[in-house]
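S.K.: Dock chain B against the given chain A, drawing on the hints supplied.
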Amino acid sequence: MFNAVIAAAAGTETRNPLLPELYDIIWSGLIFVVILFFFWKLVLPRMQKLLDERAEAIEGNIAKADDAQRKAEAALEQYTAQLADARAEAGKIREVARVDGQKIVAEHREQAVAEAARVTASAKVQIEAERQAAVVSLRSEVGTLAIDLASGVIGESLTDDAKAARLVDRFLADLEASEKAVK
Amino acid sequence: MLPSATGDGEFHGPSINEFFPEAVLFAGSPFEINRIMLIRFLAVGVLLLVFWLGTRRMKVIPTRFQSIVELGLNFARVNIAEDILGKKDGKRFLPLITTIFFMVLFMNITGPLPFLNIAGTSVIGVPLVLAVIAYVAFIYAGVKKSPGNFFRNALFPPGVPPFLYIIVTPIEFISTFLVRPVTLTLRLLMNMIVGHLLLVLFFSATQFFFFTADGGFKLFGAGTLVFGFAFTLFEVLIALLQAYIFALLTAVYIQLALAEEH
Numbered sequence: 001m002f003n004a005v006i007a008a009a010a011g012t013e014t015r016n017p018l019l020p021e022l023y024d025i026i027w028s029g030l031i032f033v034v035i036l037f038f039f040w041k042l043v044l045p046r047m048q049k050l051l052d053e054r055a056e057a058i059e060g061n062i063a064k065a066d067d068a069q070r071k072a073e074a075a076l077e078q079y080t081a082q083l084a085d086a087r088a089e090a091g092k093i094r095e096v097a098r099v100d101g102q103k104i105v106a107e108h109r110e111q112a113v114a115e116a117a118r119v120t121a122s123a124k125v126q127i128e129a130e131r132q133a134a135v136v137s138l139r140s141e142v143g144t145l146a147i148d149l150a151s152g153v154i155g156e157s158l159t160d161d162a163k164a165a166r167l168v169d170r171f172l173a174d175l176e177a178s179e180k181a182v183k
Numbered sequence: 001m002l003p004s005a006t007g008d009g010e011f012h013g014p015s016i017n018e019f020f021p022e023a024v025l026f027a028g029s030p031f032e033i034n035r036i037m038l039i040r041f042l043a044v045g046v047l048l049l050v051f052w053l054g055t056r057r058m059k060v061i062p063t064r065f066q067s068i069v070e071l072g073l074n075f076a077r078v079n080i081a082e083d084i085l086g087k088k089d090g091k092r093f094l095p096l097i098t099t100i101f102f103m104v105l106f107m108n109i110t111g112p113l114p115f116l117n118i119a120g121t122s123v124i125g126v127p128l129v130l131a132v133i134a135y136v137a138f139i140y141a142g143v144k145k146s147p148g149n150f151f152r153n154a155l156f157p158p159g160v161p162p163f164l165y166i167i168v169t170p171i172e173f174i175s176t177f178l179v180r181p182v183t184l185t186l187r188l189l190m191n192m193i194v195g196h197l198l199l200v201l202f203f204s205a206t207q208f209f210f211f212t213a214d215g216g217f218k219l220f221g222a223g224t225l226v227f228g229f230a231f232t233l234f235e236v237l238i239a240l241l242q243a244y245i246f247a248l249l250t251a252v253y254i255q256l257a258l259a260e261e262h
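Top line first, the protein sequences correspond to chains A and B. Counting in UniProt numbering, the first sequence runs from 1 upward without gaps. Counting in UniProt numbering, the second sequence runs from 1 upward without gaps.
Listed next, the in silico EDC-like pairs over lysine to aspartate or glutamate satisfying Cα-Cα at most 16 Å (straight line):
no., chain 1, residue 1, chain 2, residue 2
1, B, 218, B, 10
2, B, 59, A, 56
3, A, 163, A, 148
4, A, 49, B, 70
5, B, 91, A, 52
6, B, 87, A, 52
7, B, 145, B, 89
8, B, 59, B, 70
9, B, 59, A, 53
10, B, 59, A, 52
11, B, 144, B, 89
Just so you have them, the derived chain A footprint on chain B, three or more residues with Cβ under 8 Å:
no., segment
12, 18-29
13, 42-51
14, 93-105
15, 120-126
For the record, the hints were derived by calculation from the structure and aren't laboratory data. Note that the Cβ used here is the ideal one computed from N, Cα and C, for glycine as well.
Chain A with its partners taken away, still in its complex shape (with noise of 0.2 Å):
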């Protein structure tokens, strides 16, 4: 092939490469005209076009998961909020409990009082009655035993009760004037 093309050539002169051939400059020109308009009109606009669409969906989903953020970030304040109330209304609770409770311990207290006064008021009352029972028995025994003693001294039986009652009685009544005139 090689052979034959300088075979053609050989009659002529050699070229020179540097010199454009009019056609060569025209097809040149033609081609480039074309490339420039498909990429211009054709092909950029639809790189262009998709590069936006990317960055649109980027952008897209950022904005869903700001959207996201900002909801859970609502969600956690209303939980803090309730959190809060929750905690506020079981310290309410708690000071009432505590204020009851003391109100309830004073009332027992004053019961327990009340009840102690009581206990010891009867207890008193008790103590007087068998006092005085005691102090009415033991007139009697101390009568009796006075008689019988004095009945031993002067000789004599004081048998008759009514004479020695009246002497006894007379007897504890000067006891007890003397006691009062020594008080």
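M.R.: Below, chain B alone, put in the same frame as chain A:
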């Protein structure tokens, strides 16, 4: 290094005339079509098809094919336009930079592709047209940014002592307004021409050594074949690299024009 002629099989090295193949259609007219023009059409057809299909139904979650197309477009957008020009100006000049990058890439890659075997950019038309467009683009960017001051700032940089303008101004003029488009054109063109010539040299030498040369010389064929294979891979890298460099330098020139005002 060339072995002597043996019989009728003479070794023919590659020639520069390969870049001017016979016309297929419209011979002699301004719309002449030859093999290289057909390869360009094919490259452009594939480019349009890939990007049309790849961006037809774009989804937020990309398919595998869409990912690859996006990768390419993002490379031009992020690593070239926005890196050099920033977000705002990067967007303004994105169609231009994307076009330059992919046009050069798809036309370069036909060089190492089997059955095509020559880069669409290995004829001066495409590199020249693109360099002129880059040239117009950065002058446009500068003039639009500071209508009155662009050429003054470019040729008489502020902050330089006036007497130095005798030296600085011609240097600035040559480097900014002459060297830039010329180097843009030649860098790409020469890379592609030399790449093609190298591959042709290796493979035609392999052919010659294997089938025409005598005895011991046949061994050389294995060496040239290995080199041919390695350089084919290298050409793929060069194809990518030159497309990147062309688009990057265009962006850099625009950026320098925009930053000219201080």
